Structure formats: C-alpha cells, structure tokens
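Colleague: Each chain, written out:
Number of protein chains: 2
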Amino acid sequence: MRFLWIFAHPERQSLNGSLLTEGLNALREQGDEYRVSDLYAMGWKAVADADDFATAGLERRLFLGAEQERAFQQGVLSDDIREEHRKIEWADVLVFQFPLWWFGPPAILKGWFDRVLVQGYGFGIKGPDGRTRRYGDGGLAGKRALIITSVGARESGFGPRGIHGPVEEVLFPLLHGTFWYTGMAPLPPFVVYGADRCTEPEYTRTASDLRERLRTLPATAPVPYRPESGGSYDEALVLRPELAPSLRGLEVHRTT
Amino acid sequence: MRFLWIFAHPERQSLNGSLLTEGLNALREQGDEYRVSDLYAMGWKAVADADDFATAGLERRLFLGAEQERAFQQGVLSDDIREEHRKIEWADVLVFQFPLWWFGPPAILKGWFDRVLVQGYGFGIKGPDGRTRRYGDGGLAGKRALIITSVGARESGFGPRGIHGPVEEVLFPLLHGTFWYTGMAPLPPFVVYGADRCTEPEYTRTASDLRERLRTLPATAPVPYRPESGGSYDEALVLRPELAPSLRGLEVHRTT
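Those protein sequences? They're chains P and V, same order as listed.
Residue 128 in numbering that gives the first Met the number 0 sits at position 129 of the first sequence, and the numbers go up by one each step.
Residue 91 in numbering that gives the first Met the number 0 sits at position 92 of the second sequence, and the numbers go up by one each step.
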C-alpha cells in the first residue's frame, strides 16, 4: 500500500519524532511505500487566504471557498497545495500524526485541511444522481485515514465518562467531519496517553503497538459511521427515528 | 463590560464582517468598551514554534510547552503574544468570531489558542490545595467566552440527531476543552446557519438576534459544565457512577 504520512510536530527529537521513524521503518520492512509531509520542516503555510491562488488582480470581495474551487478547476492553486494533491492522489492511506493541542490538531495541520481539501476537490462534488457526495463518499473516497496523536493526560480521562470526553467524540470533527465527509474510511485513532511521562518500557510497548497497527491496517475495520446516501437520514439530514431510537448526540452516527 | 473581540475571517466585506460591525455598534450603544483582534488584518502568526520566545540560542531539543511556560514566566514571549495577554487581562468577555471550517476554527484562530494560552498562563496553575486549577477554574477564571460562528449548512443538520452532530458537541473542544478548561464560563454559541444563502431579511433578523444576545449577555446562563474540583469526578477523572447514571459521551459533563 502507499502511505502519505502528514507529520505536524515542531521537533523531530521527540516522542512523536521517534514514533514517526519507527512507523516509517515498519512500513519499509513490510514492503509498503510512503511519502512524508513534515509540515514544520516544510515551513507549511497554515493560513488560508488570497495568496493561495492566482487572483489576476482580485480587487473584488473575497469569497474564499468559491475562489479556492475556481482556482482548483483552473489549475492555479499555489504550488504547495497542488503538490499535496499529487501526494494524496498517489496514496491509499493518509496518516495524520500530531500532538493534541486544545483537543484538536495544531494550527499548522488545521491549515493543511483548510487549504488542501478545497471545494470541488475534497467535497462539493455531485454524483450521477445530482446529489452532493458526502459522508462516506466524496473526493477522497477509497482512501483510509489514520490519526496518530499524543496527549499528556491519562487514558481514563478520555474514556466513555472521562472528563475530557471519549477520545473518538473529541476527534469527531476530524474523523467524521473531515475524513468521512470527504469519503475516506476513518480508522480507529492510535492515541499515546501520558506522553509527557513516557518511560523507556512504555515507549517500547507503544512502538510495538504502532508497528502492529500498521501491519494489520489493511484488515482494520473503520469506525462504522453511517453514509449520508444510505437512506439513514431524512431530507433535513436528521437521522430517521427508527434508527438508534431515543438516542442523541455523536454516537447515533455509528451503526454499532 | 469590557469585550475582547477576536475576529478570524479573511474578508471584512462579508456576512461575518457585517456582523462584526453590527456587534461593535451594539456594544458602543449599550455603553460597553471593546477591543478587537482582527487576526487576518494583524497578519497574526498561526504556527507555534521556537520563534515565539527568546531562546538565547536554544540548540537543545525543543519542548514547546515547557519553553512557552518558561518564556511566559520570564516575560520573554514574543510581543504579539504579550499584547494578546494584555488585552485578555483587560477584558471581561472574550468573543471568538469565525466561519466554521472543517467543523472547527480556521487555522489562524487555532494558532491563537496554541500560542496565547500557554502553560502557566491559561492553564497548569496550581491552587492553594496543590491541585491544578482546571475545568471551571484556571488562569482565565472570571471571564466569559462567546463563540459567534457561521456555517453553510441548515440548522437541522446540527440538531440533536443531525448528521453533522449537535453544534454544542461539535464545538466541545472549544467550549469545554478550551474555555471551561482555562476557567472561563462558556456561553451558548451564537450560530448563523445557511450562511452561504443569507438573504436581506435573514440578515436583518440575524443582526437583530446578535444585538439581543449582546444586550442580554451579562444575564445569560453559561453552558452548565461540571467543575473538576466539585467532587463529581474520581481520581482517574471519570464521572462518578451516581451522576448521570448509565449515560456516556459528551453530554454527561453537563449538569442539566
């Protein structure tokens, strides 16, 4: 398989940097190909703005989303964005590795989503039936996406009733709102807890767990979110009452 | 009251720009003071890195969080960050206005959190009992925080069983994981739906609703999240079984 590994940590001499090396070694040994987008090392531009596309002297009011789509269709998005598109096209699996800051991705990675997954490319594409392909279908359909993230807190705080919220629900904007929204299959996230206090034996176990996750990745079941097009939602995009009856909240969007 | 209004939209000639003007006019008319951090106009640096502090030739491995805290304690954080700290100290209310991109804040705003709310300032402060002040207490205790955000989707999709997830749960990383975590009272978010198709009458109603929200803000009840220190959580930071029994997920962290 072909992996695009997007790495968003400012320091390679870190727990995350070591796990990156470990992960790439594992991929090489098991015969997979990979490319790496090391966002800090690349000096990746985080902020989406009019510099992302040839504007031909745009003096009018900026509609960012519409301009992104136009520039994508005309092939005039900036070089750094088009290079990421080429890497994505090449890859079967996208890995996003980052320390969890404020319960989300660092700004440099958020900016990768804001700038790369533009309308007309990642989403906003109509299917043969005239409906927009979304949630389980879209511009990135057929690919898998894996989050590898580190947190300082203990695992219990991210459990079903933990104070930080269940980790899969905290990551819902990425897993469901970004990966699944653009058609990718979201794999269960690989989370390193207590990252600030990782001992040598813990690191060894984590590295081994990561290798196992990468080895078994082709057979790993994605998070079973419901597709938008499968009849589960009504015209207002509300889950039909006979499904997960009397439940509400993020978990109703999983089939199990 | 004193408002710090953090605005994260690339275009002032936009629905968000108009609502910003409307909101500031309302504050002025009702006798409140305000300051504005217009992040795009300021050219705000989004990416947290070693340039955020005087490193005195830092050649060692970068521990970003620890260096941020050290620089804060020594008063050597970069000028732009210290200026935001001064504005925050001055303010009673923080307003965060942004278009919802990928179900979260634009990178430029995410970077405001990553760079400004450093350890020792926003969080990681110990109380007299030796425990870390967090969730309902912290460096920003006593302040209120309001999200104003715009989405293209209809309101139904962000309801209790809507496909995008309940808006308050999608915004949990900000409301609970950032505002409440640092001690601020998170106000119910002000969400503008169908923002891409806003008609003149809809705009007039939205502007009027916003004025009403700002007028009644001092009396508005915050989202009733549970404080960490109130005895609701056990030592593993798991909600005690007698509270919201048999429930799980993000909603258990609300008292009602």
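I should point out that these hints are in silico values taken from the structure, not numbers from a laboratory.
Remember, it's a predicted structure, so these values are computed and weren't measured experimentally.
Cβ coordinates follow ideal geometry from the N, Cα and C atoms, glycine included.
Any given hint could turn out to be false.
[Said to hold, decoys possible] On the chain V side, residues computed to face chain P include the following (Cβ under 10 angstroms):
#, residue
1, Asp48
2, Ala49
3, Pro104
4, Gly158
5, Tyr180
6, Ser207
7, Leu209
Colleague: All hints are to be evaluated individually against the structure, with a verdict given for each.
Modeller: Checked hints:
1. Asp48: It holds, given that the least Cβ distance between aspartate 48 (chain V) and chain P is near 5 angstroms, below 10 angstroms.
2. Ala49: 7 angstroms, holds
3. Pro104: With a minimum Cβ separation of about 8 angstroms from chain P (threshold 10 angstroms), the hint on proline 104 (chain V) holds.
4. Gly158: 6 angstroms, holds
5. Tyr180: Interface hint status for tyrosine 180 (chain V): holds (8 angstroms vs cutoff 10 angstroms).
6. Ser207: 24 angstroms, violated
7. Leu209: 21 angstroms, violated
When each numbered hint is compared with the structure, violations occur for hints 6 and 7.
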